[in-house]
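*Asks:* Letter by letter, the chains look like this.
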Amino acid sequence: MASVSVSGSHGVLRRPMSTTGFWSWFTTVDHKKIGIMYGVSSFLFFILGGVEALLIRSQLAKPGNTLLNADQYNQIFTMHALTMIFLFVMPMSAAFFNYLIPLMIGARDVAFPRLNALSFWVFLLGALFLNSSWFLGGAPDGGWFGYAPNSTTEPGNAMTFYALGLLITGVASTIGAINLAITVINMRAPGMSMFRMPVFVWMGLVVQFLLAFSLPIITVALFQMLFDRRWGTAFFDPTRGGEPLLWQHMFWLFGHPEVYILILPAFGIISEILPVFSRKPLFGYQFIVFSGIAIGFIGFGVWVHHMFATGLGPVANTAFGITTAIIAIPTGIKIFNWMGTMYGGDLRFDTPMLYAVGAVAMFVIGGLSGVTHSIVPSDYQQTDTYYIVAHFHYVLFGGAIFALFGGMYYWWPKVFGKMLNERWGKVQFWIVIVGFNLAFGPMHILGLGGMIRREYTYPASLGLTFWNQVSTVGAFTIAVGVLLFIINAVRTQLKPSTLTTDDPWDARTLEWTTSCPPADYNFETIPTVHSLDDFWHKKYAEDESGRLVRVPAGASGEAHPGHGAHAIHLPSPSFWPLVVSFGFPLLGYGVLYSWWLIGLGAAVIAVGLVGWALEPSVAE
Amino acid sequence: MADVTAPDIVLDEHYTSTGLRSTKLAMWLFLASECLLFGGLITAYILYRGASLTGPYPQDVFDIGYTSVSSFVLLASSLTMVLAHNAALDKDFPRMRLWLTGTAMLGLTFVGGQVFEFTSFYREGLTIKTNLFGTTFYTLTGFHGVHVTVGVLMLLILVVMSWRGSLSDEPAFPVEMVGLYWHFVDIVWIVIFTLVYLIPSPQGPIR
Amino acid sequence: MTTTDDTKARHTEYHPSTREYVRVGLILVAFTCLEVWLSYSSLSGTPLIAALLTCTLIKFLMVIGYFMHLKFDNGRFSRTFALGAIGAFTLYAAVLLMFGVWGK
Numbered sequence: 000m001a002s003v004s005v006s007g008s009h010g011v012l013r014r015p016m017s018t019t020g021f022w023s024w025f026t027t028v029d030h031k032k033i034g035i036m037y038g039v040s041s042f043l044f045f046i047l048g049g050v051e052a053l054l055i056r057s058q059l060a061k062p063g064n065t066l067l068n069a070d071q072y073n074q075i076f077t078m079h080a081l082t083m084i085f086l087f088v089m090p091m092s093a094a095f096f097n098y099l100i101p102l103m104i105g106a107r108d109v110a111f112p113r114l115n116a117l118s119f120w121v122f123l124l125g126a127l128f129l130n131s132s133w134f135l136g137g138a139p140d141g142g143w144f145g146y147a148p149n150s151t152t153e154p155g156n157a158m159t160f161y162a163l164g165l166l167i168t169g170v171a172s173t174i175g176a177i178n179l180a181i182t183v184i185n186m187r188a189p190g191m192s193m194f195r196m197p198v199f200v201w202m203g204l205v206v207q208f209l210l211a212f213s214l215p216i217i218t219v220a221l222f223q224m225l226f227d228r229r230w231g232t233a234f235f236d237p238t239r240g241g242e243p244l245l246w247q248h249m250f251w252l253f254g255h256p257e258v259y260i261l262i263l264p265a266f267g268i269i270s271e272i273l274p275v276f277s278r279k280p281l282f283g284y285q286f287i288v289f290s291g292i293a294i295g296f297i298g299f300g301v302w303v304h305h306m307f308a309t310g311l312g313p314v315a316n317t318a319f320g321i322t323t324a325i326i327a328i329p330t331g332i333k334i335f336n337w338m339g340t341m342y343g344g345d346l347r348f349d350t351p352m353l354y355a356v357g358a359v360a361m362f363v364i365g366g367l368s369g370v371t372h373s374i375v376p377s378d379y380q381q382t383d384t385y386y387i388v389a390h391f392h393y394v395l396f397g398g399a400i401f402a403l404f405g406g407m408y409y410w411w412p413k414v415f416g417k418m419l420n421e422r423w424g425k426v427q428f429w430i431v432i433v434g435f436n437l438a439f440g441p442m443h444i445l446g447l448g449g450m451i452r453r454e455y456t457y458p459a460s461l462g463l464t465f466w467n468q469v470s471t472v473g474a475f476t477i478a479v480g481v482l483l484f485i486i487n488a489v490r491t492q493l494k495p496s497t498l499t500t501d502d503p504w505d506a507r508t509l510e511w512t513t514s515c516p517p518a519d520y521n522f523e524t525i526p527t528v529h530s531l532d533d534f535w536h537k538k539y540a541e542d543e544s545g546r547l548v549r550v551p552a553g554a555s556g557e558a559h560p561g562h563g564a565h566a567i568h569l570p571s572p573s574f575w576p577l578v579v580s581f582g583f584p585l586l587g588y589g590v591l592y593s594w595w596l597i598g599l600g601a602a603v604i605a606v607g608l609v610g611w612a613l614e615p616s617v618a619e
Numbered sequence: 000m001a002d003v004t005a006p007d008i009v010l011d012e013h014y015t016s017t018g019l020r021s022t023k024l025a026m027w028l029f030l031a032s033e034c035l036l037f038g039g040l041i042t043a044y045i046l047y048r049g050a051s052l053t054g055p056y057p058q059d060v061f062d063i064g065y066t067s068v069s070s071f072v073l074l075a076s077s078l079t080m081v082l083a084h085n086a087a088l089d090k091d092f093p094r095m096r097l098w099l100t101g102t103a104m105l106g107l108t109f110v111g112g113q114v115f116e117f118t119s120f121y122r123e124g125l126t127i128k129t130n131l132f133g134t135t136f137y138t139l140t141g142f143h144g145v146h147v148t149v150g151v152l153m154l155l156i157l158v159v160m161s162w163r164g165s166l167s168d169e170p171a172f173p174v175e176m177v178g179l180y181w182h183f184v185d186i187v188w189i190v191i192f193t194l195v196y197l198i199p200s201p202q203g204p205i206r
Numbered sequence: 000m001t002t003t004d005d006t007k008a009r010h011t012e013y014h015p016s017t018r019e020y021v022r023v024g025l026i027l028v029a030f031t032c033l034e035v036w037l038s039y040s041s042l043s044g045t046p047l048i049a050a051l052l053t054c055t056l057i058k059f060l061m062v063i064g065y066f067m068h069l070k071f072d073n074g075r076f077s078r079t080f081a082l083g084a085i086g087a088f089t090l091y092a093a094v095l096l097m098f099g100v101w102g103k
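Protein chains in written order, with numbering that gives the first Met the number 0: chain A, 0 to 619; chain B, 0 to 206; chain C, 0 to 103.
Simulated from the structure, these hints should not be mistaken for laboratory data. Just so we're clear, the structure is a prediction, and the values are computed from it rather than from any experiment. Glycine included, each C-beta is placed from N, C-alpha and C at the ideal position. Among these hints, one or two may not hold up.
To be verified - Which chain A residues stay away from chain B? Per the calculated CB distances, all over 12 Å, these:
#1 Trp143
#2 Leu311
#3 Ile444
#4 Arg452
#5 Ile525
Claimed, not checked - So, partial list: chain A residues that the calculated Cβ filter (under 7 Å) puts toward chain B:
#6 Ala110
#7 Ile216
#8 Gly231
#9 Ala233
#10 Arg239
#11 Val375
#12 Ser377
What the hints assert, rightly or not - Okay, the calculated beta carbon distance ranges per label pair:
#13 C:Val21 with B:Tyr65: 22 to 30 Å
#14 A:Ser17 with B:Lys90: 32 to 40 Å
#15 A:Asp70 with B:Gln58: 44 to 52 Å
#16 B:Tyr65 with A:Val314: 40 to 48 Å
#17 A:Val314 with B:Lys90: 27 to 35 Å
#18 B:Ser119 with C:Cys32: 17 to 25 Å
#19 A:Met16 with B:Ile63: 53 to 61 Å
#20 C:Thr53 with B:Gln58: 19 to 27 Å
#21 A:Gly344 with C:Thr53: 43 to 51 Å
#22 C:Tyr13 with B:Ser167: 20 to 28 Å
#23 B:Gly64 with C:Leu42: 13 to 21 Å
#24 A:Gln71 with C:Gly64: 54 to 62 Å
Can you make the complete structure from the sequences, with help from the hints?
*Replies:* In structure tokens:
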């Protein structure tokens, strides 16, 4: 076993040493532990967001319902969106990126381990800060898009929590973005050129650039909103010459890249699962990579399609209608390449594959409705109706979340050393996909039938009742499916492992060369990579007729335990990231309640950063 | 075809895929993202130029001569910053600390000048909520000033670390990194000075 | 296997001398004086703005190229920064155009 040792000086700057035990989770800088923490917390927020969804669907199950009044409904639907987007999909994607990227590129950790810990703690405290609003006067209720001047003039603290909560979680994502981008660019194992990286890593890289360039835009917008609310500035105040539309531009300049931030990780997961369960290389690897990059770029050029109905005029509308239609092309290219991957493959429909294929199918449906939105006059009918709600749930839930579930089933053995139960997995998948289509399919009809978004009820005379009821049944069906997943997970974790190999899926990428779960240091020796899907080529060669032939073990040159073991430097744990992270909610509460807290928060951050800079680094 | 033998690869601790330092790549990516931040603030200023419904207007309060001096101070601080870096390259620690402190002092002078400018505008009736000019001006220059202040703190931390001996093996690198941040803050001011102060604003509201 | 870092590169890498830095500094001062002079001159409207922005751009590029060392550094750094700077310019110019603010 490799030995890992650290030392520190005395006094308050002594660096923690332990990497095991409960408290070590608070000081860890290990990307795997941080990934697990992101995963667990984001899943808990998924449940919270799901409860919020069930409340929405319960309220809308019948016309004139009184389960929630308008004010409560506004809070619930706003928080449902904020929770699902910012507190579930983004951090769950971060969980996957954090855990897998170093393993997939043959690295021991990310570029900046302490910064990685900081990202997580700031995210968690920001998420808790946002949700503390429920108990402090009411949760944000202006929609996740917070349109001004409603959001900037509404009295009370609710939308101030909105601005502050997103600012804090935005800091976490920005830091994480820079960290992961540099990790991919700079920490790849020898021989792993960019075009030998797994597609999941490529998608991760594009996502980090999207985050790094879109988050500052919404940061500005949120500060402008905050200043309008808290200190009476005029940014979005029409009575003083301000332009509410400026908010919309700034929000969607971020908001559109954001949806690609939400879906590209899923595209990456799908691109990893399909080849393994088709026992074929990914079809058109380069096309998939370049189309991912193209989506990233073009994604910055379509934001006005959220604003077609705001009166910008035919030139702007046409230009952005065209760019929106264009962005369907690289997405379509991916779909065809995924189909090409499966075609002629030796297909196994284990749960990860079910979810991956399900994600592609559901995403195509959502993508088709998306293309209809790009036609401006058509969008005039669809905008602000449930047709749009159908679209984005098909792409975000059907696409992104299905893929995330597929990823959970696929990588569960890697992370936890155990396999989720396959039978329960299949049952759970089918319940979820049926429930999902029941919940959201009818919304296309409801939307075109005139049901408006963001309204707490509807009159019985509109004839919307039946499909609303179907949708509600669908929502609760999803809940049953999710519950089964949770039970599967809990039972799996409580029972001893049945895993007999470190490579249960006969996979292709480097993370599967490590143990399940990997050792702290990931790789005994950093591998040298010779090709795309290097691990696969170490296992299999092709005979004259092109059939796969297993390479005998030992001849593959894999590192064996004990072979070449020598002391491995790992970054030491640290408590400073946790300390610094507490400054952020303090700043937030300070803006709401007291300048003293602002000062305290700033001081905590400053002192924390100084301590961080001055703490001793790893010593042998 | 897979390599049959897998020799132990003993990697240099500083091995990177690009041969470039991770921190430097990270700093440039961060500065690139900051362009989006300041761009947004500047956009609001430009959008609302001439749109204030009431005064005071820019030409009522601006003192170009005074702000020019401030600009020279910040430019000078960029010069002292590169001189500090050269000293660090030469491992001349006293000289490095001198120029770092000088840069910090110039930065503080700049911030002090901003504070004085803000208070005099305030006394002339321009607050952050008076009109669009006040809103966008104070926000933009305020964000910039906070960035300068953070930069000053980082410079002083470098000086302290140098005294403690924590910079001895390779002082040039952290100095270069702080320098990149510092110069960026300077170029943002170069843009702000022209766009806000020098390009004239219409007298009174234009819409 | 080979290891690469830029320690060796840095020793042989070109760094301007004090004299050269001071020269750059003086050029920056000169352009700033020119800007201030232009703002007081009888020039107005588009010619004034064009002249001022040209001076600003030159100062911007000189600080980036010399003080921030991009002229002598690996192209990756320049491309990364350019992505952000040009991206910001393009996006925000589009927003301003849609509000009817001519150019920037």
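*Asks:* Determine for every hint whether it applies to the structure shown.
*Replies:* These are the hints, each one checked on the structure:
{"no.": "1", "hint": "Trp143", "verdict": "holds (20 Å)"}
{"no.": "2", "hint": "Leu311", "verdict": "holds (14 Å)"}
{"no.": "3", "hint": "Ile444", "verdict": "holds (40 Å)"}
{"no.": "4", "hint": "Arg452", "verdict": "holds (28 Å)"}
{"no.": "5", "hint": "Ile525", "verdict": "violated (6 Å)"}
{"no.": "6", "hint": "Ala110", "verdict": "holds (5 Å)"}
{"no.": "7", "hint": "Ile216", "verdict": "holds (5 Å)"}
{"no.": "8", "hint": "Gly231", "verdict": "holds (4 Å)"}
{"no.": "9", "hint": "Ala233", "verdict": "holds (5 Å)"}
{"no.": "10", "hint": "Arg239", "verdict": "holds (6 Å)"}
{"no.": "11", "hint": "Val375", "verdict": "violated (25 Å)"}
{"no.": "12", "hint": "Ser377", "verdict": "violated (31 Å)"}
{"no.": "13", "hint": "C:Val21 with B:Tyr65: 22 to 30 Å", "verdict": "holds (25 Å)"}
{"no.": "14", "hint": "A:Ser17 with B:Lys90: 32 to 40 Å", "verdict": "holds (37 Å)"}
{"no.": "15", "hint": "A:Asp70 with B:Gln58: 44 to 52 Å", "verdict": "holds (47 Å)"}
{"no.": "16", "hint": "B:Tyr65 with A:Val314: 40 to 48 Å", "verdict": "holds (43 Å)"}
{"no.": "17", "hint": "A:Val314 with B:Lys90: 27 to 35 Å", "verdict": "violated (60 Å)"}
{"no.": "18", "hint": "B:Ser119 with C:Cys32: 17 to 25 Å", "verdict": "holds (24 Å)"}
{"no.": "19", "hint": "A:Met16 with B:Ile63: 53 to 61 Å", "verdict": "holds (58 Å)"}
{"no.": "20", "hint": "C:Thr53 with B:Gln58: 19 to 27 Å", "verdict": "holds (23 Å)"}
{"no.": "21", "hint": "A:Gly344 with C:Thr53: 43 to 51 Å", "verdict": "violated (59 Å)"}
{"no.": "22", "hint": "C:Tyr13 with B:Ser167: 20 to 28 Å", "verdict": "holds (25 Å)"}
{"no.": "23", "hint": "B:Gly64 with C:Leu42: 13 to 21 Å", "verdict": "holds (18 Å)"}
{"no.": "24", "hint": "A:Gln71 with C:Gly64: 54 to 62 Å", "verdict": "holds (58 Å)"}
Figure legend: structure checked against the earlier numbered hints; hints not met, in rising order: 5, 11, 12, 17 and 21.
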